[in-house]
Amino acid sequence: MQLGGIPRLSLGEFPTPLQELKNLGRILGGPRVFVKRDDLTGLGLGGNKLRKLEYALAEAAASGATVVITVGGPQSNHVRLTTAACNKLGLKTVLVIRGKLPVKPSGNLLIDHILGPSEIHYVGADGFPAKGELDRVADEKANEIAERLRAEGEVPYFIPNGCRAIHGAMGYASCVLEMVSQFKDRQLAPTAVFTAIGTSSTHTGLVLGAHLFTQDQLKIVGISVANASGGLTERVARQLQEAVDYFKLASTVPQKAIAILDDYVGDGYGIPTEAMKEAVLLTARSEGVLLDPVYTGKAMAGLIDRVRAGDYTTDDVVVLLHTGGTPALFADTQIDTFIDASSGTDNP
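All the letters of the sequence shown, read from the start, carry residue numbers 0 to 347 under numbering that gives the first Met the number 0.
Please keep in mind that the hints were generated in silico from the structure rather than gathered at the bench.
Bear in mind the structure is a predicted one, so any value in this text is a computation, not a measurement.
Backbone N, C-alpha and C fix where the C-beta goes; we use that ideal spot for every residue, glycine too.
Please note that a few of the clues may not be correct.
Claimed, not checked - Taking CB as the label site, the calculated pair distances span:
1) Asp314 with Glu146: 24 to 32 Å
2) Ala308 with Glu151: 36 to 44 Å
3) Thr65 with Val136: 20 to 28 Å
4) Gly230 with Asp331: 27 to 35 Å
5) Ser285 with Asp339: 30 to 38 Å
6) Asp215 with Asp184: 19 to 27 Å
7) Gln216 with Lys103: 23 to 31 Å
Claimed, not checked - Taking lysine-lysine pairs in the DSSO-like style, the calculated list, with each CA pair at most 27 Å apart, reads:
8) Lys218 with Lys276
9) Lys276 with Lys103
10) Lys103 with Lys91
11) Lys140 with Lys91
12) Lys140 with Lys103
13) Lys99 with Lys140
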């Protein structure tokens, strides 16, 4: 789909599957449960960032870019997929990683090294006062690198962490249209789509798509993995208005269409919760589908909790958007999360 004629590259394998989790649905005893498999987008171990990168890198190509600079944390799914996509397009990548160089790269960072960006720079370390300050330092470093590359004759293009919000809106409004077609083919009328919300552009795109293609009938439920719902709601509302202005839409998205829950964050971003662990293990052991501990594990924890709370009945259909991120299961920061969760194993 081309939203408003906006250029888009073909980088992923779409449409991604829509699969029913029949065993999980029976265990929960509530609605039918489906998963939209955006972990299977087909490049660099998959994930939701690829839908956004199809627009961001189309813009980079149009600018004549020879090298892409981007920023992210040591376990950034965005950084991994940006590097993979640039490899496919023959573009060099320079990564600015927020944090210190680990003794042994693991998870996403290990995959970054395998993919082989032109340069990796680390900024900041333990003791930075706040993430906002670390973000500022990383962006300053990216600007310095861009200036150097220009002096060397390169044409750099900068992609912020998670891509620009408008690219997220494009990518996931298109995803809703894709799901609407899948729902129609299977004679489904889903009540809600659950998604993890971090930088928020995926959520913005889903809400925009639900407005455009279902007249706000499809409810998008965001499960925060880091921040309070109030600030996220304001951010999504702002991004939605920017998208409405960008596409010159005749109507605005109603405020009530933004539904974000922050009950499942726990102690913070990337910090495991018991509900997340239960959700990851239950999904893996009932369906063979692996979720990640940072995003989709907490999103599924929210879905499970709302089903158990009676928000949805056997007449309903709920969907989890699997945004990828499974390399985080192998990150050193998560190595102890599931180590005691073995089942049916004889221990010496």
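Legend entry - Violated constraints from the hint list, given by number and in increasing order: 1, 2, 5, 7
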